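Visitor: Using the sequences and the hints given, assemble the complete structure.
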Amino acid sequence: MNDIVMAASVILILIGMAAAIFNRDPFDKLISLSVLIAGVFPFIIDRGFLDIAIATALIAPLSTIFILMVCRRVQE
Amino acid sequence: MIAIYVCAAIAVYAALRVIAERNTMRKLPFVNVISFAVTAIIALLLPHPLTILATAAYFVGSTLESNAIASTWAGGIKKP
Amino acid sequence: MLDEPARILVAAALCWINFVAIDVFFRLPESGGVCGATAIAQEVEKGGGALHGGYMLGNIVSSPDASAGTLLAACGVYCAGLSGGLFAALLVYIGNRICYDPGYAGTTGAITATFLVYGMTQVGFAATDFIAGMVIAILTIQGISHVHSSRLIARLWEIRGRLLGGP
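The listed protein sequences correspond, in order, to chains Z, E and D. For the first sequence, my numbering begins at 1 and goes up steadily by one. For the second sequence, my numbering begins at 77 and goes up steadily by one. For the third sequence, my numbering begins at 157 and goes up steadily by one.
I should point out that these hints are in silico values taken from the structure, not numbers from a laboratory. There's no promise every hint is true.
[As the list claims (entries may be wrong)] Taking lysine to any residue pairs in the SDA-like style, the calculated list, with each CA pair at most 20 angstroms apart, reads: (1) Z:LYS29 with E:SER147; (2) D:LYS202 with E:GLY151; (3) Z:LYS29 with E:ARG93; (4) Z:LYS29 with E:ALA96; (5) D:LYS202 with E:ARG98; (6) D:LYS202 with D:ARG311; (7) D:LYS202 with E:LEU126; (8) Z:LYS29 with E:GLY151; (9) Z:LYS29 with E:ARG98; (10) Z:LYS29 with E:GLU97; (11) Z:LYS29 with E:ARG102; (12) Z:LYS29 with Z:MET69.
[What the hints assert, rightly or not] Per label pair, the in silico range of CB-to-CB distance: (13) Z:ASP25 with D:VAL166: 35 to 45 angstroms; (14) D:LEU320 with Z:LYS29: 41 to 51 angstroms; (15) D:GLN278 with E:MET77: 18 to 28 angstroms; (16) Z:MET1 with D:THR296: 24 to 34 angstroms; (17) D:LYS202 with E:PRO125: 38 to 48 angstroms; (18) Z:ILE11 with D:HIS304: 18 to 28 angstroms; (19) D:THR296 with E:ILE78: 15 to 25 angstroms; (20) Z:MET1 with E:PRO125: 17 to 27 angstroms; (21) E:ASN99 with D:PHE181: 25 to 35 angstroms; (22) D:LYS202 with E:MET77: 41 to 51 angstroms; (23) Z:ASP25 with D:GLY321: 42 to 52 angstroms; (24) Z:ILE11 with D:ILE254: 24 to 34 angstroms.
[To be verified] Now the stretches of chain Z that chain E is said to cover, found in silico as 3 or more residues with beta-carbon under 8 angstroms: (25) 26–32; (26) 44–55.
A quick note: this is a predicted structure, and the numbers were derived from the prediction, not measured. Backbone N, C-alpha and C define an ideal beta-carbon position, used for all residues, glycine too.
Guide: Structure representation (structure tokens):
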């Protein structure tokens, strides 16, 4: 993987991490986690781990949906 | 082969717009642009037939996640 | 034939026309398909945009529509040729059913994009041009200014209403 794509993915991870730490609203934090996982994906694909990529792509949104369901249950 | 550089630049630009936007719901279209760009980067990094499955899985998962965030923010599905 | 940046821009224009035409034809700007799309539309309107354009932006975010179909079809053609594009169209249809969407816009967009990209690769374009072009096209609709793009979509929705009659 050439340097520019690697740098862009690292920037996405850092931006997602910083936004998740410094945002107050819980929905903003979840959106920042989504940006972070988007930055991790090119590294997984670059090594050729296609099956791990498919599994992560299905598990990460499911875990966000479970977090949302738990938060709504706690609020009620 | 500048296609992958274009997608990487668009991903970084959209990430900057995400943190610059204050309104939560208006962040979601920028997150959608990031998903498009990362899907394109995945496809361009590894041109193998199985990559189609990985790109489709990532894109549909990301769309489902944004939909869930937007629906929960809006108060959830109205029970009949 | 053309130089690579020019090819990417031409591909971007073709992808823009493909996905906007199919989405407006399939009534995406009419109303929010799911409640998340309606929420996004209301926030876009509060920020100064047009409501129907906001509905289309919300529908693009919430479910795989013709824009997703075009991008996945271009990736499919790049990875595995014509059959790869059609396989990607099948995956878009499955993804639509998972999101409780009937799926017409996404699958139609994917199929037309498959034939478009495959045809253009026979005349000197590369499938990678269409992948980058589609990302640029979605950037212009969702990534630059929601106010202006929602107003443009609302105007296209009016034109569709006048051309094809009422709902």
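Visitor: Hint by hint, say whether it matches the structure.
Guide: Results for each hint:
1. Between LYS29 of chain Z and SER147 of chain E, the direct Cα distance comes to roughly 16 angstroms. Compliance with the 20 angstroms bound is thereby established for this hinted pair.
2. About 18 angstroms separates the Cα atoms of LYS202 of chain D and GLY151 of chain E, which keeps this hinted pair within 20 angstroms; it holds.
3. Taking the CA atoms of LYS29 of chain Z and ARG93 of chain E, the gap is about 15 angstroms. The hint holds against a cut of 20 angstroms.
4. Of the supplied pair hints, the one linking LYS29 of chain Z and ALA96 of chain E holds, its CA atoms being roughly 14 angstroms apart against a limit of 20 angstroms.
5. Taking the CA atoms of LYS202 of chain D and ARG98 of chain E, the gap is near 13 angstroms; set against the 20 angstroms cutoff, the hint holds.
6. In summary, the hint linking LYS202 of chain D to ARG311 of chain D is supported, as the alpha carbons are separated by about 18 angstroms, within the 20 angstroms threshold.
7. Straight-line distance between C-alpha atoms of LYS202 of chain D and LEU126 of chain E comes to about 43 angstroms, which puts the hinted pair past the 20 angstroms bound.
8. Among the hinted pairs, LYS29 of chain Z with GLY151 of chain E is consistent with the structure: their alpha-carbon atoms are about 18 angstroms apart, no more than 20 angstroms.
9. Using a Cα cut-off of 20 angstroms, the hinted pair LYS29 of chain Z and ARG98 of chain E holds, with the two alpha carbons roughly 13 angstroms apart.
10. Between LYS29 of chain Z and GLU97 of chain E the CA atoms are separated by roughly 13 angstroms; this keeps the pair inside 20 angstroms, and the hint holds.
11. In summary, the hint linking LYS29 of chain Z to ARG102 of chain E is supported, as the alpha carbons are separated by about 14 angstroms, within the 20 angstroms threshold.
12. Taking the CA atoms of LYS29 of chain Z and MET69 of chain Z, the gap is near 15 angstroms; set against the 20 angstroms cutoff, the hint holds.
13. Between ASP25 of chain Z and VAL166 of chain D the beta carbons are some 42 angstroms apart, a value that agrees with the proposed interval 35 to 45 angstroms.
14. For LEU320 of chain D and LYS29 of chain Z, the Cβ-Cβ distance of about 44 angstroms falls inside the hinted range of 41 to 51 angstroms, so the restraint holds.
15. For the pair GLN278 of chain D and MET77 of chain E, the supplied restraint of 18 to 28 angstroms holds, since their beta-carbon distance comes to about 20 angstroms.
16. Separation of MET1 of chain Z from THR296 of chain D is about 27 angstroms and conforms to the stated range, judged on CB atoms against 24 to 34 angstroms.
17. The hinted range of 38 to 48 angstroms is satisfied by LYS202 of chain D and PRO125 of chain E, whose Cβ atoms lie roughly 45 angstroms apart.
18. Between ILE11 of chain Z and HIS304 of chain D the C-beta distance comes to about 27 angstroms, which sits within the given range of 18 to 28 angstroms.
19. For THR296 of chain D and ILE78 of chain E, the hinted distance range of 15 to 25 angstroms is satisfied, since their beta carbons lie about 18 angstroms from each other.
20. Taking the beta carbon of each, MET1 of chain Z and PRO125 of chain E are about 20 angstroms apart, inside 17 to 27 angstroms as hinted.
21. Between ASN99 of chain E and PHE181 of chain D, the C-beta spacing of about 30 angstroms keeps the proposed range 25 to 35 angstroms intact.
22. Between LYS202 of chain D and MET77 of chain E the Cβ separation comes to about 42 angstroms, which falls inside the hinted range of 41 to 51 angstroms.
23. Restraint check, ASP25 of chain Z to GLY321 of chain D: a C-beta distance of roughly 44 angstroms satisfies the suggested window 42 to 52 angstroms.
24. For the pair ILE11 of chain Z and ILE254 of chain D, the supplied restraint of 24 to 34 angstroms holds, since their beta-carbon distance comes to about 31 angstroms.
25. Here the stretch 26–32 of chain Z counts 5 residues with a CB under 8 angstroms from a CB of chain E, which clears the bar of 3, and the coverage holds.
26. Proximity of the stretch 44–55 of chain Z to chain E, defined as three or more residues with a beta carbon under 8 angstroms from a beta carbon of that chain, is established by the 6 residues found.
Hint violations for this structure: number 7 only, all remaining hints satisfied.
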